[in-house]
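Position chain B against the provided structure of chain A, taking the given hints into account.
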Amino acid sequence: MSLITTLARMEAVREGRAQPLTTVRHRHLSERPLAFVPLTTAGEAGAPLGALVGTDRDAPRLLIVAQPRDRDLRFAFLAELAEEIQPYLDSYADEVELEERKETDPETGKKVPVQVELCADAPQLLVPSAAGVAFVRLLGRSMRFRRTAEQDPETPFPAPARVPLLGRWLTHYGERSRVPGSCLLLSLTELLSRHWATGQSPLEDQHLGSLLAWIDPPEGVPGAEAALRAESERDEDGLLRCPPAGPATDPAFDNQLLAPAMSRYDAARAEASQGVAGAEARLRLAEAELRGLIASQLRPTWDALWHGVDLLRSLPEGARVAERWKRDRWSYTAHRDRVRAGEPPQPKRDDAVTAAQKLAARETAQAQLDAHEALDDPLVMAGRRLAGEAFAGEVTDVEMAWSEARVPRPRPLITVRTEDRPHLAERVKLHRVLADGRAQSGEFVGFARTDGAAGTGGADGAAGTDGTDGAAGTGGADGTDGTTGTGGADGAGGAGDADGPGRALVVRLTGGMGRGKQPEPGSVPEKGDRVCWTLFEHAPRGGPELPDPESTPWTHGGPPDAAAPAHGPEPDPMTEEDYL
Amino acid sequence: MDARALAALAANPGCRRRALLDGAGVDKGALARALGAPANFGQSQFAHQRGNSFEARVKADGGADLVRLLHERLRDGSEAPGPGAVATPDLSAPGPQGRTARTALALREATEAGRWALLDHPMVSLDVAGSPAFLEPDAVVVHPDGSWTVVEIKSFPMVDGSADPAKVGAAARQSAVYTLALERVAAMVGEPPEGAGATADTARGAPGRARVRHQVLLVCPKDFSNLPTAEMIDVRKQLAVTRRQLDRLTRIEEIAAALPEGTTFDLRLTDDGRTPTRPVEELTAAVDAVEAAYAPECLSTCELAAHCRARSRAAGLVEALGRGVRGELGGLTTVAAVLTAATDGPADASPTGDPAVDALRRAAALRAEALASRPGAVSCR
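The listed protein sequences correspond, in order, to chains A and B.
Note that the numbering used here numbers the first sequence so that position 553 is 554, with each residue one more than the last.
Note that the numbering used here numbers the second sequence so that position 137 is 140, with each residue one more than the last.
Careful: at least some of the hints might be erroneous.
Distance ranges between label pairs, derived from CB positions [unchecked claim]: (1) GLN100(B) <-> GLY559(A): 56 to 66 Å; (2) TRP331(A) <-> ALA340(B): 43 to 53 Å; (3) GLN358(A) <-> GLU257(B): 54 to 64 Å; (4) ASP73(A) <-> THR266(B): 51 to 61 Å; (5) ALA271(A) <-> ASP130(B): 48 to 58 Å; (6) GLU256(B) <-> PRO348(A): 41 to 51 Å.
Heads up, simulated DSS-like pairs for lysine-lysine below, C-alpha to C-alpha not over 27 Å straight-line [what the hints assert, rightly or not]: (7) LYS349(A) <-> LYS31(B); (8) LYS112(A) <-> LYS430(A); (9) LYS31(B) <-> LYS170(B); (10) LYS225(B) <-> LYS349(A); (11) LYS170(B) <-> LYS359(A); (12) LYS518(A) <-> LYS430(A); (13) LYS349(A) <-> LYS359(A); (14) LYS225(B) <-> LYS170(B); (15) LYS240(B) <-> LYS170(B).
These are computed hints drawn from the structure, not numbers from a lab.
Just so it is clear, CB atoms sit at the ideal spot from N, CA and C, and this is done for glycine as well.
Bound conformation, chain A alone (with noise of 0.2 Å):
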């Protein structure tokens, strides 16, 4: 937690309600999003109990497993769940746009431009919390390898149409959900405390109760209060009154009510299937009362979770989340393509070129996402200054200069000034953002004295060897007059506090002027305007490319293994009783 944070949080507790964090919001919401509220059997790994699902928050499809042991309940539930969720996540296959992408030709080995189809949007699966996000892999992972009896005539359980379709499409979204920043899979308290402080802990902010509690508490009551009553307040029967957001439930749930009504439900299906009158509506009674039990379990947190998601569409978008989410909408299309390819499940470990490239993709994601959260939102941004990642200031004094190229280039010396102390070094590379949205680059010359006259050793050491377009920088400020400045990343901390609480700052800018030998109007800041410049680049790239699958070197485990069923691997072998 940074120190702006940890800040928000006190005034947080000071104030009895959550505090902004952000001033946007930085995650795409969907129109239509699809929510899922699971809830699992405790102590089972993979035994769904029941979950609310649906796109409409009045009209939720509630699915239950009476008897999770029971292998064909529980598939049961796995289709009418792939019934519930495939066809939304088709239903964005097929509205599609055309985009320009270079690929490589395999004959010639040239790039050529090809037009590939991008889906115009994207479903988004909403969950209540981070249990929830881990719980949809574990069902992608338990459902992907399944086969169907028209797939394998000869499996012995087979699963339902659909469900390892399914298992693959909540596998993707649970991958996905692993880049940062990305949008097809999210949890509401993920989305929640990006967004606000509350006056509680990192740790208790999981829960979704407590923190919706502190975010929009009830009228008069404070935020401690209401989140406490979230968490621990029980009813006459001892049950949690705002139950968990799962997917576990709470034991005195499981114990006082859903244990009895499942053994209920046990006898009165032991009972028809003997043909002992008036079984059957004893069995559809028990069904009924576990319905409304498991239903009473997930609706508060159904709730709760449209509840987080007004909260979150109050707050406008921010200027660069439809880039990112244009991201997300790549990776649909390319999983929709690898399906109708008729490509094999994931796997259940990746090789070592996949899993570099992933985590190569994650770490880069996550530099553009700091980058652009930051520069879609002040309050970001303050936190970035305060690290001394960035500065912010007023244009105090601008100096046209020239590179000495051939063709001489614009690099005019901006002075700014600022209370910010970022942590600058002699020619450390700074960006910002022109009013037209492209980025312009420079770089930090050395400390200005406040007086007014350059103060600009910094300078000297990069006069001689200025070599961003191949010629001999200025030298710049030190031209102006003789003063001694103060010697660059030496002077940081010295400069700053000979001069109170404000320092000049010398920039040199290097680009983002056009090509012309006066720079293009509007690229030049001017006297007096405010500007904000970040010593982190604003579209980070990763880094270099990896090698083919194919060319895995030895000590990575070799190329894969080209004697693998192309059909992907083995499904689980499933035992006769695989429950306990």
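For chain B alone, kept in the frame of chain A given last:
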């Protein structure tokens, strides 16, 4: 006190309240309920059933399956245990002391026998802050070379060879406590009969010489089935941490000596033993007499955490927001002090000489500036 509680205690060694209550064997759950801040703990009977039936399944067959699993994971090229090669000594005895003594005896015999042996639910004791705690590992396997391995059986799944890291971490910490307790037993029973040199070098591999392996066997259900799979987990790090933390625990007598005369945590239960009759204020005062070190992590491990959190929040301590928060705040320990330092500075914002205060002022100024720039920003509430 079980190994889980011990591991949690070792994770927060500065908490005198927990050390005293645990050392004195106070039922913290009942105490928390009497204080009006019950913990949200509890185990679902489904999870309980599953845990028990999985453990029974793993140990079925006289432990032969379990030892085979262990032998497979060792990959040391030794001969696989044949049928009937695993001894399962009887460990029943009255009382924890009796069981501990029986376990030590069984371990000595099994070690000297030089064959595989499975000790099902043995009992070992560990000295915690000056009083003994009795611990019951799921199983301990004695190898033919005389070394011992702690076996931990958990019912969370290992999917594609990996399990939830948080749960594995908890299991490792728990196993480390068992390993530590077993090391004490090994030191006692492992004395070579001839009194040969007791250096570690001579011990290695010599049959009949007791030593505890620092790799424990974690047994979990494989993928989504009920078949067991296992992995060896190196607990050397957890072992070192636990040993150090237990040594650091303030001795209970010292804590108790600092208490006011007559302090008691007696709930004064009614005759049916259900309803506490002691006034909450009195009980709160008694609990407050011992200092706690609350951090949000306590919520998942200590029954009393809800009470400590309420007290911590009431006192406005910054740790209530997270253990790491203190680090950046220097000498400021309360929320009010931090907020005052952040906002009530002199107008010229001159440095105060306290880097924490200066940084807070910068943070507050930057935050206010950014919030004011919001489109349609409302005035400060």
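Hints and how they fare:
no. : hint                                : in the structure
1   : GLN100(B) <-> GLY559(A): 56 to 66 Å : holds (58 Å)
2   : TRP331(A) <-> ALA340(B): 43 to 53 Å : holds (50 Å)
3   : GLN358(A) <-> GLU257(B): 54 to 64 Å : holds (57 Å)
4   : ASP73(A) <-> THR266(B): 51 to 61 Å  : holds (60 Å)
5   : ALA271(A) <-> ASP130(B): 48 to 58 Å : holds (53 Å)
6   : GLU256(B) <-> PRO348(A): 41 to 51 Å : violated (59 Å)
7   : LYS349(A) <-> LYS31(B)              : violated (44 Å)
8   : LYS112(A) <-> LYS430(A)             : violated (31 Å)
9   : LYS31(B) <-> LYS170(B)              : holds (23 Å)
10  : LYS225(B) <-> LYS349(A)             : holds (14 Å)
11  : LYS170(B) <-> LYS359(A)             : holds (25 Å)
12  : LYS518(A) <-> LYS430(A)             : holds (22 Å)
13  : LYS349(A) <-> LYS359(A)             : holds (15 Å)
14  : LYS225(B) <-> LYS170(B)             : holds (15 Å)
15  : LYS240(B) <-> LYS170(B)             : holds (16 Å)
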